[in-house]
Amino acid sequence: MAKYIFKRILHAIFTLLIVITIVFALLRQMPIEGYFNNIDKLTDAQVHAGLTRLGLTRPLPIQIWNYLVQVFHGDLGVSNKFRDGYSIAKIIAGKAPISIKLGLISLVVSLIVGMSMGIMMARSTRTKWKLWDKFGTVFIVIIQAVPSAVYHLLIQLYGSSLLGVSMLFKEEQLMTWILPIFSLSIGNIAYYAMWLRRYMVDEANKDYIRLARAKGVPSGRISRQHVFRNAVVPLVQYLPNSILLTIVGSLYVESLYSIPGMGGLLVQVIKLQDNTMVLALVLIYSAISVLGLLLGDLAMGLADPRISFVKKEGAR
Amino acid sequence: MTKHTEPLLSVRDLNFKFNLRGQVLHALRDISLDVYPGESLAIVGESGSGKSVFVKCLMGLNDMNGFVESGSIEYDGKDLTLLKTDADWKSIRGSKIAMVLQDPMTSLNPLKTIGWQIEEAVTLHQGLKGAEAKKAVCNILEEVGISDPERRAKQYPHEFSGGMRQRVVIAIAMACRPEILICDEPTTALDVTIQAQILGLIKDMQKKYNLTTIYITHDLGVVANVADRIAVMYAGEIVEVGTSDEVFYDPRHPYTWALLSSLPQLGVKGEPLYSIEGTPPNLFYEVKGDAFAPRNPKALKIDYVKRPPMFAVTATHSARTWLIDPRAPKVDPPEHILVLRERGKDLVAKAAAEGMISTGAAMHVSEAEMTGDAAGMSVSETLQPVGTEASAPGMQQPGEAGASVSGTQQSGESKMSAPHTDGDKEVTARG
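Those sequence lines, one after another, are chains A and B. Taking this note's numbering, the leading residue of the first sequence gets 1, the next gets one more, and so forth. Taking this note's numbering, the leading residue of the second sequence gets 317, the next gets one more, and so forth.
Check the hints yourself; a few may be wrong.
[Claimed, not checked] FRET-style restraints, in silico, Cβ to Cβ: (1) A:R221 <-> B:T509: 34 to 42 Å; (2) A:R229 <-> B:T321: 41 to 49 Å; (3) A:R224 <-> B:P613: 51 to 59 Å; (4) A:K134 <-> B:T509: 44 to 52 Å.
Source of the hints: derived by calculation from the structure; they are not laboratory data. By construction, the Cβ of each residue, glycine as well, lies at the ideal position given by its N, Cα and C atoms.
Required output: the full structure, derived from the provided sequences and hints.
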């Protein structure tokens with residue numbers, strides 16, 4: 001197990017190195033304006049001096065190496081357009097907490113609501129009218145089919161008048177947290193409900209459930225101990241990744257409620273051609289994804305005894 | 317046999333239907349069947365004949381869209397057709413009737429240890445907990461032939477082979493301490509060598525716990541091996557029911573004839589196997605007359621018009637065909653069946669001569685196939701006349717041929733190829 005994790009972390013680091021190299025090389029193909037805040041006012045000599053100061057006049061492999069060494073020491077560099085001269089780490093430290101807070105709350109909400117909904121839908125497929133299943137399916141289809149911008153707007157418009165709160169987010173007023181969290185959760189609620197229902201219905205039709213019924217296990221116990229437990233396994237793999245991605249923040253919801261979070265930061269700095277910040281954010285996001293995949297695989301291994309991280313001994 | 321004892325479970329005129337996409341499927345049509353204590357009953361029939369639906373009725377395990385339209389299932393002082401909810405079935409499922417499913421690879425929960433799954437049954441039906449339950453689990457595992465039970469109980473199903481998993485499934489069934497054990501094609505998914513072991517195990521358990529067993533299968537070899545009585549199902553009805561000997565050696569219903577004729581063991585090497593033409597009727601529509609008539613080359617006119625009732629042949633043997641009606645014309649069964657009939661007579665005579673009562677010995681048609689022992693020669697005997705019939709039509713009455721050949725000049729020959737390649741020589745030799 002430990003050996004497997006170690007191996008996977010090495011793989012992850014290697015993946016990140018490749019990502020950095022590619023993105024760095026690509027960004028160097030962009031106009032050099034990305035490294036200056038005020039290139040129009042600078043003379044050629046000043047530009048050259050600036051590039052030399054950033055180490056960008058040296059051969060590309062050396063530049064990449066230097067950047068890697070810098071990152072390895074925990075220094076993400078300095079923003080030059082988004083906020084001139086500010087340390088990128090500081091910028092992120094100012095924006096991340098609010099996104100993480102909202103993300104975590106919405107995650108808990110969507111897990112609880114989405115999973116209970118999935119369970120209710122799955123259980124109702126065994127009843128005559130399948131009411132819950134039908135309602136749930138309508139909800140899921142609407143959420144999946146309607147562009148999210150539409151229902152986010154509707155939630156904001158009607159929600160704020162219904163609750164009698166401001167349309168904009170203020171960290172001190174807890175009431176203003178409700179609508180963004182609801183918006184952030186609703187897509188995931190549909191997602192978890194859909195997949196949990198699907199896996200539970202799948203499991204409920206398996207032979208071992210028939211055997212469990214034949215051996216006289218009460219239906220409540222079958223749902224909990226056999227169906228739900230086994231249906232969660234395929235979901236577990238994607239859970240860490242969606243947790244991490246939720247924390248990164250949502251572009252649309254954050255701009256709608258003007259939340260000063262991480263959402264949309266990457267798009268913003270790409271537009272501004274703030275090359276050092278683009279590089280730093282891509283690095284963070286890819287680290288999060290790689291970590292998510294690793295955690296997902298480990299969680300899967302914990303949930304399912306058939307998955308083993310060590311080589312099989314061969315014999316049965 | 318247990319002919320005169322009271323039936324343990326008694327099904328009367330059971331009609332079971334499914335609602336499917338706005339249509340109604342008539343899955344079981346007027347099924348009446350008694351199950352006697354301690355016997356082993358085999359229900360045979362092709363896929364879709366309603367075997368599984370029938371046994372699921374006994375445990376209330378059919379899907380939600382199925383319902384009993386009429387009829388009754390008397391068991392344990394109750395009418396099982398009146399039980400609706402899982403709570404109603406509590407006293408039956410597991411505690412009275414347990415089940416072994418077809419595919420051991422899928423019938424165990426892959427995420428729970430074997431021990432956990434057996435313990436679930438032990439706790440539910442024997443009321444044991446903790447260390448006592450663990451001990452009971454180990455005992456049961458040992459009983460079904462799994463060595464080192466303490467270690468094995470902690471393992472997951474994927475660490476067991478197919479045959480071992482089926483043993484575990486049987487252990488779960490036994491842990492329930494049932495009165496009736498239903499085996500739904502218990503060996504279909506296993507390879508041939510394991511099949512015999514599993515059947516042996518079920519037989520042992522039957523003896524040890526005085527179980528009544530109901531086998532569902534379409535493998536007549538399994539039937540021959542295990543069954544005291546046989547019920548043949550076709551298109552949702554029981555077309556013939558009788559003791560093993562009666563159904564194997566004196567079948568009356570044309571469908572049973574066709575079914576037995578398609579036994580590979582009765583085929584001739586180099587010739588296509590007998591197969592039944594056509595397809596079973598669509599049970600979304602009410603079947604008119606005899607359900608098998610459209611596929612029966614020798615069907616009578618009345619077969620298309622009026623549904624035959626169950627005619628009794630003997631006290632234990634009855635069949636749903638007009639052929640048994642005294643007014644019916646005499647229709648000869650196909651050659652294969654005549655051969656079987658002769659073999660049956662021979663065996664009865666032999667058994668009488670040797671003063672031993674053997675239902676089992678007569679039944680080893682298929683086992684002989686597998687093992688090639690002395691009984692294997694009798695397989696080739698049954699093949700003989702059919703082979704000569706086919707290569708030299710109109711030579712001899714197959715029945716006579718079978719009789720004259722049996723036990724004479726067979727011993728040295730390779731059993732399968734003999735009738736065909738040496739057909740001419742054989743005929744002349746015999747003539």
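Tested hints:
no.: 1; hint: A:R221 <-> B:T509: 34 to 42 Å; in the structure: 37 Å, holds
no.: 2; hint: A:R229 <-> B:T321: 41 to 49 Å; in the structure: 45 Å, holds
no.: 3; hint: A:R224 <-> B:P613: 51 to 59 Å; in the structure: 56 Å, holds
no.: 4; hint: A:K134 <-> B:T509: 44 to 52 Å; in the structure: 50 Å, holds
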